[in-house]
Each structure stands twice: as C-alpha cells, then as structure tokens.
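Novice: Listed here are the chains, written in short residue letters.
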Amino acid sequence: MEVVWAVGQVGAVWVAVVFGLIVLPSALGISLGISEAYMWVLVKTLEWATIRLQKGVKKPQPQMPQTPTANGIIERDETPMEKEIARLHRADFEFSHIFYFCRKGFEAIVEDEVTQRFSSEELLSWNLLTRTNVNFHYISLRLTVVWVIGVIVRYCFLLPLRFTLAAIGITSMIVGTTAVGQLPNGSVKNYLSEVVHLTCSRILVRALSGTIHYHNKENRPQKGGICVANHTSPIDAIILTNDGCYAMVGQVHGGLMGVIQRATVKACPHVWFERSEIKDRHLVTKRLREHVADKSKLPILIFPEGTCINNTSVMMFKKGSFEIGGTIYPVAIKYDPQFGDAFWNSSKYNIVSYLLRIMTSWAIVCNVWYLPPMVREEDEDAVQFANRVRSAIARQGGLTELPWDGGLKRAKVKDTFKEEQQKNYSKMLVRNGSIG
Amino acid sequence: WGSAPATSLLSLAVTSEQIEHLHRRFKQLSQDQLTIRKENFDSIPDLEFNPIRGKIVHAFFDKRNLRQESDGLADEINFEDFLTIMSYFRPIEMNMDEEQLDRFRKEKLKFLFHMYDSDHDGKITLQEYRNVVEELLSGNPHLEKESARSIADGAMMEAASICVGQMGPDQVYEGITFEDFLKMWQGIDIETKMHVRFLNVDTIAHCY
Chain R
1 MEVVWAVGQV GAVWVAVVFG LIVLPSALGI SLGISEAYMW VLVKTLEWAT IRLQKGVKKP
61 QPQMPQTPTA NGIIERDETP MEKEIARLHR ADFEFSHIFY FCRKGFEAIV EDEVTQRFSS
121 EELLSWNLLT RTNVNFHYIS LRLTVVWVIG VIVRYCFLLP LRFTLAAIGI TSMIVGTTAV
181 GQLPNGSVKN YLSEVVHLTC SRILVRALSG TIHYHNKENR PQKGGICVAN HTSPIDAIIL
241 TNDGCYAMVG QVHGGLMGVI QRATVKACPH VWFERSEIKD RHLVTKRLRE HVADKSKLPI
301 LIFPEGTCIN NTSVMMFKKG SFEIGGTIYP VAIKYDPQFG DAFWNSSKYN IVSYLLRIMT
361 SWAIVCNVWY LPPMVREEDE DAVQFANRVR SAIARQGGLT ELPWDGGLKR AKVKDTFKEE
421 QQKNYSKMLV RNGSIG
Chain X
1 WGSAPATSLL SLAVTSEQIE HLHRRFKQLS QDQLTIRKEN FDSIPDLEFN PIRGKIVHAF
61 FDKRNLRQES DGLADEINFE DFLTIMSYFR PIEMNMDEEQ LDRFRKEKLK FLFHMYDSDH
121 DGKITLQEYR NVVEELLSGN PHLEKESARS IADGAMMEAA SICVGQMGPD QVYEGITFED
181 FLKMWQGIDI ETKMHVRFLN VDTIAHCY
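Sequence order for the protein chains is R and X. When you number the first sequence by the UniProt record's numbering, it's gap-free, plus one each residue, and the end is 436. When you number the second sequence by the UniProt record's numbering, it's gap-free, plus one each residue, and the end is 208.
Just so you know, the hints here were simulated from the structure itself, not pulled from any lab data. Idealized CB from N, CA, C, for every residue including glycine. Keep in mind that the hints are not guaranteed to be accurate.
[As the list claims (entries may be wrong)] Derived, one-sided and incomplete: chain X residues facing chain R with beta-carbon distance under 10 Å: (1) 22; (2) 29; (3) 45; (4) 49; (5) 51; (6) 52; (7) 53; (8) 66; (9) 89; (10) 115; (11) 116; (12) 118; (13) 121.
Just chain R, same shape as in the assembly:
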C-alpha cells in the first residue's frame, strides 16, 4: 500500500515538474533557458570527444586533396563535357570520348549522386551516438565511458521525458481542437484555434529537444498564400508550425494520425484528401485553389519534393503545387546532423522506429529561413517557376540542386531524361565538326 502511495507521489511530482517547467512556458510562448543550458553542455562534450578522437588517429596522411565535403567521397572533375573531350583530343575523337565516358561510368559506379541522397549524411566527426559510429573505432577508455553515460542519459532520462511530452502534446492537440471545434465559426474560434495549435506544436518541439533558429521572420507566410519547403522528415511540419499557423495538406491516414487529422480539421480548415481523391489531380488543384482564393484562410503548407530527402540537396519540385496560383512563400529548412539525424529513410525504418531514433538522439537542431515571396511571371510555365523557387531554397539552405526526381528512390530513370542527355552529346559532336 505504501509502495503504491510512494509511486503515486513520485508520479505526481514528475508530472508537476514537467507541467511547470515545460508545458506552461510553451503555452505562454516563453523560454526558461533550460534547453540552452543543455545545448551548451552538449556542445562542450562533443568538442572534447572530437579532440580525443583526433589524438587517437595516428595514421600518416597520404598526399590527397583535403577538401572535405558532405556531398561525396570522390573528387569529381566538373568541367563540362565539351572542354574535357577537347583537352584529350588528338586526331581521332572516339578515343578521347571513350576515356571520358569510361571515367564518368566508373565515377557513377563508385558513387552516384542520386542514391547517395537517400541515405543519411555521413558525419565527419563522431557525435557519440552508436548509429553514426561507422568509421570510428575504439579510441580510449575515457571516450567509451562518456559514451556509456550518454547512452544512459539518452535512454533512461531523455526518452521517458520526451515520450511524456509527446503524449501530453498529442492529447492536448486532440482535446483542444475538438473543444474549439464546438464553437461557432468566428474570430474567437480562429484565435483560440491558433493558440491551441501553437501551444501543442511548442510542446511537441520540446518533446524532440528541438532548437530552431528562425531567420527573416518578416517574410513569414501570410494568409491566402502557399508555403513551400524542402522535405527531410515528417517533423518538418511541426518545425514550421512552431512559429506560425498553417493549413496542412495531406492524405487521410488511419490510426492515431487519422484521429489527429479529424480533430484538427474541426478547429481549423486543414485540407485532408481521401486516398481516391489524391489521384485526381484536377480535383486536388481545384480544392487548393478555392482555399487560396479565400484570403482569410491560413496559408497552406506543401512539400513539393514529394518524398523525404537527406537534407544535403533539393530534388525536383513537382509542378502541381505551382499551378495553383497565388503567392508562394519559400522556406528553407536545414538540419544540423551533428546532434541528431532527422532524415527519415522510409525504406529502411518504419515510422515508429524512426520516432524512437529521433527521441534518443541528442537534439534536433535546425535553421529555418523565410525567403521573400515569389509569384509566377507572365512568360514562365509551372516547371520553370518551380525550378526558380527551388534554386532560391537551395541557395539559402546551402543545399545542392539536383535535377532528379525524388521518385527515383523507388523507380528508374525516365526515358525523357536519357534522350535529353543523348541529344546534348550529339549536338556537341556535330558542332565540333568531327562528323562529316
């Protein structure tokens, strides 16, 4: 009996602490500085760990180019095809051409730009998480001890805390939005719905130990606009709603996600599509157009890549989002992989194991840049507009731009791409006068 009472006391204290230190400040939008202190300790520890690692590495370095890049492991010659073939040119062209293509072929076999983007970014330094310990071996006892402490802290303290917070956040989201949904439509309802959404977002961000830096807040998406961002993980949406209210767009799911969707749509006009509706592009565009035309409605949030990319590059934007019209507010999101990898490799992990990995990382640190709004110009078609927006996002976030389709994660290269490339090559041949 006493044991039960004691456990009850501990439980009560725990909930009170969580409520007082985390939930209440999130509701009021203030910060107590706890996460800043945590980050400071974390950074110092990781710096120390890196220095120890460097001391442990004793290999003599061979003469190799020193440029570290998170984007590749082989040095690529970026000279355009024409210059390089001209360099090799002797009398017969095809020998030089065969060299060029041979080398390109080998480079592609060692590492191709596309597949690389669907696996997690490799770290240049170990961040004391086992999952990133690919290249680094046992260095010293002290490092191992720190690592063990890290494991205990992460799994025994942080994980339950985060789990509690997530549970509180999701429950309050469902309860809050259902409650607000009962009110008659009006400004009071909208205001309360915003409060509920923001509070729950903030709680959820703290559930992930998220540290987010927002830049250029003056460019924040306005009502009646479309917010467009690069996609790395399912938590991108939470990162953005932490700072503003958006109308989500997506497919109706079953299970817990479905419950959340049904509850939130009562309070705020999110756009959820049935599975059958999603296939009908015209229907989708029409509904989104109606939403955007109503200037009193919240801006919609869309991820045009269509799939999760590993945050080192931005792939092709699907043109559908850019055909709706209206003002586009681009947003660039860049995660810092040092503290935790946010990328969801959906072919490797399911959503539950992904969330578990997120909750046992050190933290989620990211930068969000709001870019100035863009509108489609007279002589631009949807594809060109999409590419223009994509370049802006890639440039701001420091990501590389790839012309590839995110769908390549699962499918093969489209023939149209191949033909494009072959045409380039033959144009070059004809121009050089090598033929005829």
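Since the structure of chain R is provided, determine the placement of chain X on it from the hints.
Specialist: Below, chain X without anything else, positioned relative to chain R:
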C-alpha cells in the same frame, strides 16, 4: 565482411577507409548479397546516360580483367573482383618509380584494349572498332551509321600507318594488337585521365 583478401589488396595501396567505402557501395549495389550480377548495375541512374554503359558493365565481368586464367565472362563477381576492377582506376601515387609507372600505364591500356576487343582474340578488328564507335554515337537519330563507319575506317587507317608503315594496296591490316595499341598511345598522358580519386575524409573538429 567475409574473408579479407589482404595480400592481393596490398598491391592496390588503397586505404582501409576507401575499401570500407567501396564495400558499402558494393553492398548497396548487390542489395546485401555476396555477389553482383549485371542486372545490379541497372540501379544506378547516373549510368543510364552513358553511351558505352554496356561496355563498362561488361568490363566488370570480363575474366581477362579479373586476372583469371580462363577466358570469357563471369556470371557474377564478389567484392574482391569488384576491387580488382576498381584498381584499374586508381590514381598515380607520388612514390612510384619508372617501372611501376610503366606497368601502371600498361594495365590501364590493357583494360581499355579489352573494352574494344569484344571477341577476346587479342586483336581489334575493323568491325569491333566500328561497334565501339557506333555505341558511342548510339541513340542519336541525327547521325547515321555511315558517319560511324567512316570514323572507324579513318581511325583504323591511321592505326595501320602508325604501326605498320606504308601498306601496299592489297595488304590487309588484320587488326590492332596490344603492342600496336600501346604504340598508338605513346606520348599521350593517360594516367592522369583514367582514374578516380578519393577525397581524404578525416576527423575534423567541429567547433560551434
């Protein structure tokens, strides 16, 4: 990852990090199997554009390149074979002497020779040469077969003149042998063109 073929790899002088990278790549291509087949190369989007894709993939399974005694094509290759083929593309090291450089060059040219000589008879005939040129120009609707043929013919003529000197009107040039091939490439620096160089990925202190 299975048996580590230590001795044969020492001659490659690649670092263990590079071997690990290549091994990860191998596992990706083979989808975690122990061997790769030709079909596994279909999963590389960048390779789709390459006009001589067929020949490159073929080179991986060519037993002459795999330094095996027998001839013909292998059905599948394991990681050691993969590394053997990749070794043809390693860059020059600073500490190589004349003899090593010469051997290096010969090996790379031999690899290229095998790519042309598709029937494995040790000679590149006019037809084989035409095949390669056609493949290079393949997929282009604007260039006709005639152009490919004239290029190939021109090249063979030049090869003949380099290797055999002036030929009589009824002399037939059978084909480019490996020695002729070497002669054609004398003086041209291929070692620096035919390699894939790894970047040095080191531990670096990240200070915030």
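Novice: Compare the structure with each hint and give your call.
Specialist: How the hints compare with the structure:
1. 22: 7 Å, holds
2. 29: Given a least distance of 8 Å, the restraint on residue 29 of chain X holds.
3. 45: 5 Å, holds
4. 49: This hint holds: residue 49 of chain X lies near chain R, its Cβ roughly 4 Å from the closest one there, short of 10 Å.
5. 51: With a closest approach of 6 Å, the residue 51 of chain X hint holds.
6. 52: This hint holds: residue 52 of chain X lies near chain R, its Cβ roughly 5 Å from the closest one there, short of 10 Å.
7. 53: 7 Å, holds
8. 66: 16 Å, violated
9. 89: It holds, given that the least Cβ distance between residue 89 of chain X and chain R is near 5 Å, below 10 Å.
10. 115: 7 Å, holds
11. 116: Hint holds; residue 116 of chain X Cβ to chain R Cβ min 8 Å, cut 10 Å.
12. 118: 14 Å, violated
13. 121: Cβ of residue 121 of chain X sits 20 Å from chain R, so the hint is violated.
The earlier numbered hints that this structure contradicts are 8, 12 and 13.
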